[in-house]
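> Note that the working numbering has the sequence shown beginning at 36, numbered continuously upward.
Hint data in this document are derived by calculation from the structure and do not stem from the laboratory.
It is possible that part of the hints are untrue.
Claimed, not checked - Okay, the calculated beta carbon distance ranges per label pair:
1) Ser40 <-> Ile94: 40 to 50 angstroms
2) Pro78 <-> Pro343: 21 to 31 angstroms
3) Arg319 <-> Glu74: 24 to 34 angstroms
4) Pro78 <-> Gly231: 17 to 27 angstroms
5) Lys119 <-> Arg364: 23 to 33 angstroms
6) Glu241 <-> Arg364: 44 to 54 angstroms
7) Val62 <-> Gly121: 35 to 45 angstroms
None of the values given here were measured: they were computed from a predicted structure.
Ideal placement from N, C-alpha and C gives every residue a C-beta, glycine not left out.
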Amino acid sequence: MRILSDKNIEEYLKSIGEEELKEFQDVLIESLIDYEKDETLIPKRIVIESEDKESTYLIMPSKLKDRGTRENKKIGVKVLTGSKEGFNGVTMILDGNNGKPKSILNARTLTAFRTALCTSLSLVKVLPVELVRELKAEADGECDEITVFGVGLQSYWHLKISLMIYYKTDYFQKINVVSRNYDNVKRFIEKIKKEGKLLEKRDGGEIQVEGIAMEEGGKIKKSVQRSLVVFGCTPSTEPIILGEHFRDSTGRVSRFVGVIGSYKPHMTEVDSEIMGEYTMEGVRNKVVVDSKAHCLAEAGELIQNGVPAHALLSIAELYAGTLEHVSGRVLMERFGNPHVIVAKLVGLSIMDV
């Protein structure tokens, strides 16, 4: 049996390059398509609250699709605790033939990485590398930044994977980091600046990284307006990504908003001005999700705003069927060229296994 600590996993994932990242994306796509075809692969998760309501315990079983060989039969169970310290727990992988343990992995960094990896699947469909190169000339500096809300591991991996994907485009000029605690922002920026090469630009300069306190509303609005990509990685109970943030921008380019922080119905990171557009009759735009069923049951952004199932598009649907070879401008045209594309994840245990 293999046992991997968080340090083992972190060191390995920080060492991977562009090719390994693409391999992980392909494996994740395959698993999501398997789940789309057979939802019994992921039974409903068990959610238990601590008596003081300070912690949430999540127990999430899953089964890999049986591909005809005994070696490929695997089942997994992920056990997570969500608290003020973030998410901690383990992922256990068992032999599907006899139940013998095969691996036990610390889930802390693994959870953050696989979630960011899943967000990247919708990101590269909406903004493929070749389109971003074109936008560099067309956007005229209108939106050449990334803004991330949150300073935890999820924020770190969302930024790192995005920088790995778009590094060769030399597109992004600045990263904005928003948090309620400015001391945490400063520590997070120090961590991001250690990425070195990923922050380098071809002109010899470096991508700027700026911290913003949550109460600096005007500064946040300006940063979001100038961002092609916005990530929400906080378990917020009030919207932090607002429609007014985008209201005064020119709208020549669709913005990508990836949110992963809310995992309960009372949580939400995106306001009703943005989400309400998905409830309007005749609107072609879709919310991209990891699972329609899980998001409709757990994501506050959808539940609180009454977003219907027909307004959702799963990541599996982006990579299979009629949309398999469609991305970038063509995909945006099918969506009705929206001002904002929202991708919402609640996380699935099959992503870890």
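> The structure should be examined with respect to each hint, and the outcome stated for every one.
Verification of the supplied hints:
1. Ser40 <-> Ile94: 40 to 50 angstroms: 21 angstroms, violated
2. Pro78 <-> Pro343: 21 to 31 angstroms: 25 angstroms, holds
3. Arg319 <-> Glu74: 24 to 34 angstroms: Given about 26 angstroms between the Cβ atoms, the range holds.
4. Pro78 <-> Gly231: 17 to 27 angstroms: 43 angstroms, violated
5. Lys119 <-> Arg364: 23 to 33 angstroms: Between Lys119 and Arg364, where Cβ atoms are some 43 angstroms apart, the hint is violated.
6. Glu241 <-> Arg364: 44 to 54 angstroms: Roughly 30 angstroms apart at Cβ, these two residues miss the hinted range, so it is violated.
7. Val62 <-> Gly121: 35 to 45 angstroms: 25 angstroms, violated
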